[in-house]
Each structure stands twice: as structure tokens, then as C-alpha cells.
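Got chain A; can you put chains B, C and D on it based on the hints?
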Amino acid sequence: MTDKPFSKSILTRRSMLKGAAGVTAGAGALLLNGTAPMTFTRDAWAAQFRNDPGNNPTVKFGFNVPQTGPYADEGADELRAYLLAVKHLNGEGDGGMLNTMKPLSLKGNGILGKKVDFVTGDTQTKSDAARASAKRMIEKDGVTMFSGGSSSGVAIAVQSLAQEMGVVFMCGLTHSNDTTGKDRRRYGFRHFFNAYQSGAALGPVLKDEMGTERRAYHLTADYTWGWSQEESIKNTTEGLGWETVNTVKTPVGAGDFSQYITPVLNSGADVLILNHYGKDMVNSLTQAVQFGLRDKQVNGKNFEIVVPLFSRLMAQGAGDNIKGILGSTNWNWTLQDEGSKAFVKSFGQEYGFPPSQAAHTCYVQTLLYANACEMAGTFYPPEVIKALEGFNFDGMGNGPTLYRAEDHQCIKDVLVVRGNANPSSQFDLLEVVQQVPRSQVDFSPTLFGGELGPYEV
Amino acid sequence: MDSFLLQILNGLDKGGAYALIALGLTLIFGTLGVVNFAHGALFMLGAFCAVSLQKLLTLSVKVKDESITFFEAYKEVPYLEQWFGQTGTTIIEYSVPLSILFSIPIMLAIGLIMERGLIKHFYKRTHAEQILVTFGLAIVLQEIIKACFGANPIPQTPPEFLTGSANLGAWLGMGDNLVYPWWRLVYLAFAGMLISAVFAFLNYTTFGMVVRAGMQDRETVELLGINIDRRFTIVFGLAAVVTGLAGVMYTPILPPDYHIGMDFLVLSFVVVVVGGMGSLRGAVAAGFLLGILQSFASMNAVKSILPGIDQIIIYLVAVIILLVRPRGLMGRKGVMEA
Amino acid sequence: MSILSVNNVNKSFAGLKALNQVNLEVEEGSVHAIIGPNGAGKSTLLNCFVGRLIPDTGTVNFLGQSLLGITPHAINQAGVARVFQTPEIFGDLTLLENVKIPTLAKRDGAFSLRAWSRIDQDSLVTDKAEHILEDVGLIEKRDILAGSLSRGDKRRLELAMCLVQDPKLLLLDEPTAGMSRADTNNTIDLLKRIGERGITKIVIEHDMHVVFSLATKVSVLAQGTVIAEGAPEDMKGDPRVQEAYLGGAHL
Amino acid sequence: MTKQPTARNDLLLMAVFTLAILTMPIWAAPFGAGYPDLLQKFAIYGLFAVGFNILFGLTGYLSFGHAAFLGVGSYTAVWSFKLLSMNVIPAVIFGMMTSGLFALLIGYVSLRRSGIYFSILTLAFAQMSYNLAYSVLTPITNGETGLQLAIGDARILDNMFASEAATAIPATNLFGIEMSGYPGFYFCAALLIIGFYIALRITRSPLGTILKAIKSNQNRMNYTGLNTRPYTLTAFVISGMYAGLAGCLLAVTDPLAGAERMQWTASGEVVLMTILGGVGTLLGPVLGAGIIKYFENIFSSYNDQVLHGIFAFLPDPIENVLVAITGLFVGDGWHLTLGALFMVIVIFLPGGVIEGFTRLYSWVRAKVKQDAGGNSVNNGKSQPQSAE
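Chains as they are written, first to last, in the UniProt record's numbering: chain A, 1 to 457; chain B, 1 to 338; chain C, 1 to 251; chain D, 1 to 388.
Bear in mind the hints are in silico, worked out from the structure with no lab data behind them.
Keep in mind that this is a model prediction, so the values were computed, not measured.
Please note that a few of the clues may not be correct.
As the list claims (entries may be wrong) - With a straight-line cut-off of 30 Å between C-alpha atoms, the simulated DSS-like cross-links for lysine-lysine are: (1) LYS141(C) to LYS168(C); (2) LYS82(D) to LYS141(C); (3) LYS386(A) to LYS182(A); (4) LYS212(D) to LYS333(B); (5) LYS367(D) to LYS141(C); (6) LYS345(A) to LYS55(B); (7) LYS182(A) to LYS82(D); (8) LYS141(C) to LYS192(C); (9) LYS301(A) to LYS87(A); (10) LYS345(A) to LYS102(A); (11) LYS341(A) to LYS75(B); (12) LYS212(D) to LYS106(C); (13) LYS168(C) to LYS212(D); (14) LYS182(A) to LYS303(B); (15) LYS323(A) to LYS64(B); (16) LYS75(B) to LYS62(B); (17) LYS120(B) to LYS212(D); (18) LYS296(A) to LYS207(A); (19) LYS341(A) to LYS64(B); (20) LYS345(A) to LYS62(B); (21) LYS107(A) to LYS345(A); (22) LYS55(B) to LYS323(A); (23) LYS301(A) to LYS341(A); (24) LYS87(A) to LYS64(B); (25) LYS333(B) to LYS17(C); (26) LYS386(A) to LYS60(A); (27) LYS301(A) to LYS323(A); (28) LYS62(B) to LYS323(A); (29) LYS62(B) to LYS341(A); (30) LYS120(B) to LYS345(A); (31) LYS120(B) to LYS323(A); (32) LYS192(C) to LYS236(C); (33) LYS141(C) to LYS369(D); (34) LYS303(B) to LYS234(A); (35) LYS124(B) to LYS192(C); (36) LYS17(C) to LYS217(C).
To be verified - Covered, in the sense of this in silico footprint (three residues per stretch, anywhere, with C-beta under 8 Å from a C-beta of chain B), are these stretches of chain A: (37) 263-269; (38) 277-288; (39) 313-321; (40) 348-357.
Every residue gets a Cβ at the ideal spot worked out from N, C-alpha and C, and that includes glycine.
Same shape as in the complex, but just chain A:
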């Protein structure tokens, strides 16, 4: 890991192509930089993109995950998955999902004959820190692709950086409609599902379990992801015939939610929907249960709580309070398809516990990018992007999946889960109620607007 700060193209390719102005300005930098002008002399298009591995025996990936802050545990799990993916790509270990992925262009000898190397960074779950870390990977370490993240704000911020810099970003955990909606980017890809799909998947299950005459009360984290989820769930439930009693925004990181929970008691609502994630969700759910909401009878029905987006780590934090609560998730380790089994097996053998949904998504994203390079026969981003766009694959844990070309959203099965009332082990926290087929959670790519932007930057 020696630093060769000046062997990388210091001037952006963009500014080089824009002509003299950029070169004069960069004169100071040029003095320090022997190789930058060389990019002109190479004639092949493939040589003109940022961080071209060229003749290096390795290709470098950047794994940008929260290592500090509230999502540090999730970030650690993501990092484990990435390391595993790198191992499998390089032909080490048991190969994991490389054995189940279809169609597969990868050969288990790295990518296009190059071994995969990686660098890591800390997003701190802050847009600024995440972008700074990503820029380090791009500018200093010379990564060809970077991936990671545990929140939509970070994903969107980093994704737009990817577009500016011309380096592909494979999103980690991000659930907001905006990521592949109004803030979609040509250089960003999302495997994770979105809030709309959560609503679409939960709808029929909610109808089966709770009927069509319900009165819902929303508590919503007061930022873009929360609003986007509230809207999606509201549309779904109102489509079922439910009435929305109230939607209340709560400050992020409020800690004590009691002042928002007590009004629910008198509202006449019989369902509480918590549009919270992470710590907020752990706290609001714990406190809602303490207020006895789940023991209540309203309108002759049992009071229910729904948490539209679940993760196993959150379930751990909420302890017993999660039992019996309905929600949706991208993936769960108890799935019995070949891909999931292969992944859980290699992850479990490597680390001694099952992977989280964030780990799964990060693992799959790495493999998908690698496979696209192999398909395209180059690391040149526009070609890789084209290979990923409209890519149909299977054997990665969510059934047959399409990487949609129009918005870079994966369309695949979504899981509706319930907090396990009777876990058989410390990891068995969520039981899968239904694997909702992808046809049911499909949506028009134009639904949320947005523009991908150009291939060439």
C-alpha cells in the first residue's frame, strides 16, 4: 500500500479536455506531475477514464462504510461482506454466490485477469465525511468502483459524487425512493429495495392480517427518507381502504418519543406505523410497547404496530418488543434458495454468525459490478454501466432479478417479515411471512421522476 500520489491523473480528465484554461491553472500541479499529460498520448478510449487499472496486476475497490457513529455495527457487517466478496472474486474460499449466480461471466481469477484489491473508509453516516472518504479513495487510492453506506442521505450524496468523478458507485443500504428516483445518477446502482416497494409488499399482508377497516397513525422521522416512506405506506394502506388518522413528524434522534406516543392513545387509531430507522426505531418501538399500545383494544380490534423497514440489528436493539411486529426487509439469512444458502454458508463459516441484509446487499453489489466488467470486457465505466443496465440475473437470493436500465433500481422479490415470537437461536429474530414476488412490487421507473445523466463525464 505505498502511496504514489502523483502517478494518478491529477487534473481531471474533464478539465484536460476543456482545453487551455484548465492546463494553465493547473500549471502548478503539472510541475509536480509527470504523468498527467501522458493521458493525451494514449489513443484508446479505454485509457481515458479515471483510475484505469491499465497494466496494473490488480484492480482496486473502495468500501466506504460507517465505522463510527450509530450504524457502526451495520458498517462492520457490510465490511465483512465486502472482504468475503473480494475473496470469492479472487478465487479464494468456497466461492459463495459465484456458484449460484446465473448468468455468470466471472471466472474466479479476479476480474479480467486482475486480482481485486481494496481500500476502506469511514462514512460516519454523514454526507460530508462520506464524500471526503470517497474522494480519498478516488483521488489517492485510485479505486475503479466504490460501494457502501448505511443511509439514504449518504447514498445520494455519494452517488452524485460518483457521477461528477466518473467512478461507479454501488449503493449499500439505502431505502429512500429518491436514490433511484429524483436523485438517480448514471454512475449509481441500487440493489436494495425502496420505500415504495415496502408499501407494495406490505399491502396485501396487512390486508390479510388486519383487514380493510383500519385507522392508521404515522410517526415519521422528519427527513427525506421518512417522508418518502410515509407517503408510500400511506398510499398503500389508503388503497386498502384504511383511514389515515394522522401523520406526525418526529425529530431525528429524539431519544424519548413519549410526547409523540401519548396522542396516539386518544386518536382512535388502531394501527401505529413507525417510519423510523435505526436507533429512532428501536427507541420509538420500545416506548410504544411500554405505553401498552399492543395490549390495547380499539374499535373492537387489537391495536397493531407496523415497522415498514426492518433489519436484524434493529430487531436486536429492540429486544422482545419486536416480537410479532410486521415489517419488510430486503433479505433474510433464513431464506432457503441456493444463492442465499451458499452466501450464508460462506459468511457463517468465515465469521461465525449469519450475515445481515446490509451485508447481503453489499456482497451482491460487489459481485454484480465485477461480473459486469467481465461481461463488458473492460473497466471503462460507460461500458460497465451498459452491461449492468437491463441485466437479468438469478441465484443471488431474491429470485430472478432485473437491474433496470431506466433508473438503476433492482426489481426483485421483497420479504415481508415478522419479529419472531419464538426464536430458535440468538440470530433467529425475524420470520419470513411472505416472499412477495417481484411482479407485485414492480413500479414504473418514471414514477419518481429524475434523470440519470450522461454516460461520459
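Leaving out everything else, chains B, C and D in the frame of chain A:
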């Protein structure tokens, strides 16, 4: 009417928590004059005393789940349950109340060590240096906890009979919706008791009187041949215990993680300053005032008129109070004004 | 002509009468000592001259202008400087800087934005500051931090900070309090030399030695009221004064 | 004896500082910090800290809300990019103006109190700004995601001269020179040098001396004929504008403005930078900013693989032990190292890193003197503490 009463209860409950945290800080910051940015860390350590005891009590036999072959999945049966049956289960159930006893000596020791080992040397240093060293300490403590317990919140449950809600409405004849969680009522009562105890200690014991005199005029007290240093150490320990207990008791309401202290740090400073530097009464009053105002600002009726008011109410009130009353609610002149 | 005239000033704190119908005329060029036992209201009276306290009733006029409700810095700008009982100086600054601050205040007014010129190249200010430091005998210490001075030196520095402004009226609150006999005598000499500049001075003092060395006029304050007034020699034997001190200093 | 730095000392200091900043890409490279983004961050946060020090270092007023001005500067700059032009000049001008105005308002109210009460007032204002920017002000700030550029932005000035509609989001530029990468760093560096020079001039000016006097003794100030309030307000607004400029530059080099820039932790960060480097010194805040940003970006990137690479020359068992131990302090443990560093510095070097240099310097000088057999060797011109 119900909702109004409930918000008052919420406010009192929140206020109790704020007051307890601020009480510890006001002893350290308002009276010893140390800008202690590690105060949140004391709260966090208290909460993790409860977590540690729970982990200790639930040390378990691991019964392997044979259906899973890739890694060790197991059901945990705590030794206590295995050895003592029902009694063991009950002991585990009472982990949080037991933590009170468990945490007092630990927090006292932490407080004493912190004061003797570090803070003592910083009484005469500038506030800037106090901030840097205590903030550094807070980060270090936090990271140690993270290394031991991870970053994820760890759920804590109160004893079975305190898990549900008290049906206040039925007692008062006011309808079914006036319910309030038992544990929050317990917290409120506990906060009241602890605050009274601290007041009684400082007001009615010789020790307390000497300390209060020393806070007013350190030199004179020292001239009387009293070793005020040692007493300040004990006050620091006391503050650590009070703050730690606030943390222990709060765990069933807010599953603790390593960052919980930082979340309360700013708030605790605001409460102390709004209450007025050097005033214990002020800190308690400000805690309850801010708690209640925050609860009311979160009511839908209020929010529909002033959107976002619940996000800023604490700070808005702080600004108004400090502009109307230059030294907070009950501050003493000349404390930390320069 | 009187430079400061105080008419029927009253001031109470929480019902306690600190000043009771005080009348005082300070002649221009005089050294006017205000003496009296502890708690007589001397410092309270002084605070009414500098804008720290506002009298409940009555008037305080400086050169015909009312001082009531005027901020301390504006009163200073009008020409009133003050020396405190415990020297108030800028401990973190060098002696030279200490003296430059009042020089700047005198020259540039209560607020001016000279953010670009170098203060060490401002020869006008530097010369004046060095000159006054020489006057009070502190010039060798010009570059050390004021906080490290002895109490006597601090007092001299504070005097220098006041004198550099060429005030019309100088208020001295126990200028020799806590000083050794030698330091006291030095200070008296210094004050006498200042006297040659013709600055009007009001001195609050316990030390009768100082009073009789300096004052041209003495007012005796007791229980918030002026009970006697006159030349120092006349005051020496006045029975009212002796009674007021009640076994205090024997005059 | 406190030696007063002369104009010549200062000229030398400026020359050395300018040289050090401009050659940073060269000498920072061996430390793994020689890439544009981190260099930009060094310059930007250095500027932020220099400005903060004008308030805190000189007047002693500890603001815990300076991040608000950073945020306001960023938002204004991005809006200027969106509405007016991708040229950075209007962005910088408007950013400094709005943050200055904002500082004037907040300062006017907050400076009615001093000491801790002032700190809490500024903290409260900043937290209100942050909370509102994060939620109800989303139409202006784009909430959690942060304000970003879009292809369809108005860019009135640019579009007056543009021949065709943009197909991609244009880059921020200075009359055609793109402000990413090294040009962006040199732009920030130039502003840092200018900002540093202004701070130096202010410190040496009558204003600077008066501000220091306010810190030293407010009571004496009142009776010295100087009205302290406008002076402190001036310092507050100046340092607010520095913060605003730093915010602008964050947006210039990376056109995105997020609410988290205004959070109290961001305000706290600049306080820590200043104290870590040395309150009231000129160079200290720049150093402090550099140290903290270095830890955040470089220490956090060391993972076990990197460590194994570093210790590869050792026998395996020793290598593994060393990796295990150092692994605690880097990667996800970088916070721990930073916290420990804060404590070590303040315990052993009251006065910050600059104090360390000063001590080292006097130690070396004493040593040299000794070696020279008592002959006084005065090489005071190159002394590092000419910063003070």
C-alpha cells in the same frame, strides 16, 4: 383533557431525566467550575453498568441449534435459571433495579478516580483546556464501551410487574386512555427521591455545609483549616453517582448504546445554564421547565401552528430565558461570566 | 470653578440607605479627599461618578453635563479616569500594550476600526505610551506581562494608564491600599508630580498620611452623608470627624 | 520577557507560511495526505479555525455555534451556483455576505451576555439553525440529503451566454478553471494565505490589541473609554465571515451543502482544532485543523490488510500481535486515538501543539547555547513562536 394530562406527565418524566442529569453536571460544572464535557460519558457509563450486570446475570449455557451447520447458533439458558430455576429467572428480571446497587460503588469509584487522576489538575487551567481534556476523555470512554459492547443499542427490560402501563384513568375516573407506563412513573419518583436526597445531603449535613461554603469562597474555607480538596473529590464522586443512576434507570426507556452520552451532553449544559450557574435549584427547575415545554411543543395542535417548533423549543426557551434573565433562572453573579 | 458638582444624591440598596442627600463641589485643579469610616458610602459615591451606579435621586454634573445614565466608557471619554482599589490592569498584555490601550481610546474614541495598521508602527501612540511609562518609572519593564508585576508596580501602571489620557478628573480609590510604607511614599511622590500637571483629583483614602500629604480639600463622609468639609488642617481637630471615626484613626 | 514580533518577523512568517501551504502537495505526500480532497480540507478548515481564533483567541468569547455560519456559507454558495452562475466568485461574495449578516444578527443578540452564557446562546442559535435546516426548511436546504446541483438549474448568468442547454451538471469554475482537484486546492490555499495574512494584520493592529485587552480585563476596558460591544461584535462578524468563506469553499470544491455541517459537533470540532493547535496563536489553529482532518481521513482508512502490509517485515506471530494492537487505534478505532491525543496534548502541553514547538525550540536553543560554551547564539529569526 386526557391528552393534556398525559403531556404534563410526559413533561414531568422528561424533566425528571433532564433534572437528574443536570444535577450531576451542576455539581461539577456549576460549582466546581470545571467545564466537564465527559459528563455525558458518565451517564453512558451508568447505563452500561446496567448492561454489564444484565450480561453478568445472563451468562448462559449455550444450547446449540443443530439445524444450523454453517456457524454456531444457539439458544441461551442462563446459568442462574439452570441452577436456581424460578428464583434465577426472578433475579434476572430484576437486573435493572439491582443495577442501582451495583452501579453506586462503580460510579463512585469512576468519579473519584476521574477527579483525582485528571480533573484535579485542571481546576486552575483555562476552560478551553478543560473542554479539550474532558472531551478527549469522553471519546476514549465511549470508544472503550463500543469495543466491548458494539455500537448497537442493547435492550433492557424492567421487572415484569413494572412493564405494563398504569391505568391512571380508571383510578381518577377519567376514561381508559389515561394510561402511563409503570416504569416511567417509577423513574419520576426515583428522580424526585434522588434530587431530594442530594439537596438534603448538601443542606443538612456538616459535610454539605462545608462544601457549599467552599463553593462560595474556597479560600476562606481553606483558611479555616478545612481540607476542601478532599471534599470536592467526594462531591465529584457524588455527581458521578447521581448521573450514573440517572443512566441506569433510563435504560428500559432508551436502550443504551455507546453514543447515548453525547446525545445528552449538549442538553445537560443547556439545562444547567438556563437554570443558572452554581444553582442546584435552578438546574432542577430548568430541567422540569424544559421537559414540560418540550412535551407541549410536540402536541399536534401546537405543531400545526408552528411547524418544527418541537425541534427547537429547548433552544428557543434557552435563548429567551438568557436574554430576559442574564444569569439564567437562579444563577449566581460572577460564576463563569468571564 | 467646580468641575464636578453633586447635588442631593440618594442611593439605597434593598432599603438600606447608602447615600443620603450628598452634596459635593470639586474645584478644578484641586485634590479633593473623601474620607470616612468603613461603610460610609465612599465607594458607592465614587461609583455614581463613573456610571457604574445611578443615584436614586439627585444630580451629578461634570463640567455642567449630567453624568446620570451615561455609560462608563462615555464618561471616560468625557475626561474622567479611575484608579481602582485593587489595580485593574490587562494582566495578559505587556506593560507597553497596557498603556497603549487608553492612548488609543483617547485618540480614536470609544470605537474605531483600525484593523490594518500595525500598532508597533504607530509612533504617536508608542511615543506617548513610552513617555508615560518613563514618567512612572516602569520603562525597563515595558515588555513583560503586566500580570507578573508587584502590587505597587501594578498600581503605578494603572496610574500611567489613566494619566496617558490626560483626564480632566482623576478618581483614586484608595491608591495606597495594601502597600508598604516605601511603596506608599513612592506613590505619594508620583501623585505629587502628577499634581504639577494640574489634573483635578478625587482621592478616597484611609491613610491619613496620604490624605494630608496630598489633599487641598477634605470631605468627611459618614453614614452616607457629608458631615464636614474644609481644608485638611481644619479637619484635623474637628470633633464631628473624630466622633464619626469613633476610635478609628486618631487625627 | 515577551518579545513583540516585528514587521520583519511577520514578513518572514508569512513567507514561510505561504511556501509551506503552496508546497503542501509535495511534503504531505509521504504522509499519505497528498491528494486534492484532503489538501482542500486542510486549507478550508484551516481558514475556518483561523477565523474562529479571531473571536476566541483574541476576545476570549467561546462561540459554540460557529458551524451555523459554515452552513449558511455553504447553502448560499450552492444557491449561487444553482441560480446565478457556476463561477465561484459570486458564490464566495454572496456566501461571505450572508454569513456576515447572519453573524451580525446572532452576534448582536448573543454578545449581550458573556462567558458560558454567551457560549450557550450561540450554541442554541446554531442548533436551531441545524434542526430547522434538517426538517422544516427542506425546501431551501434539501434536508438530510443536502442541497445539490441539478441539470435543470436556472444558472441565469451562465445561460445568458450559453449556446446550448447543459446535458450534464457543469462544474464549479473560476472563469473556466475547474475547481475540483488541484486547481481547487490552490484556490483554497490562496484564500487561506490571504485569510491568514488578514488575521495577522488584525492581530498586530490596534483593533487586535484592543480585542486582546477585552479578553484580559473587561472591567478595565469599560473605564478606559472603549465601548467593548461593537469591538466584540466586529470580531464576531469577522470570524463569522471566515466561517462563511470556509463553507463557501466546501461548496466550491464539492458543490453540496448538508445540514450536518451546522450541528453542534461541527461547532465543537473547530473549538477543538483551535485549542489543540494553540488558542490565540496564529499558526496553532491551522495546525490543529490539519491534525484533526488528517486523523479523520487517513487514520480511519487503515484496515487490517494495510497494517499487515506495514508490519510484513516482522515474523508472523509478532506481526499478528502488532496488527491486533494497532488495529484498535486505527480504522474504526480512529476516534479513540483522537480522544487520547486530545488528552495527551492538553495534559503535557497546555497551550497546544504550538506550545510544544516553542518548548522544543527553547530546549534546542538552550542546548546550542550550552554547546557553544555559554556564547549566546541568537538565531531568533527562524523561531517558530514568532507565530505569537
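So, against the hints stated earlier in the document, which numbers end up violated here?
Numbers 2, 9, 23, 30, 31, 35 - these are the hints that the structure violates, sorted from lowest upward.
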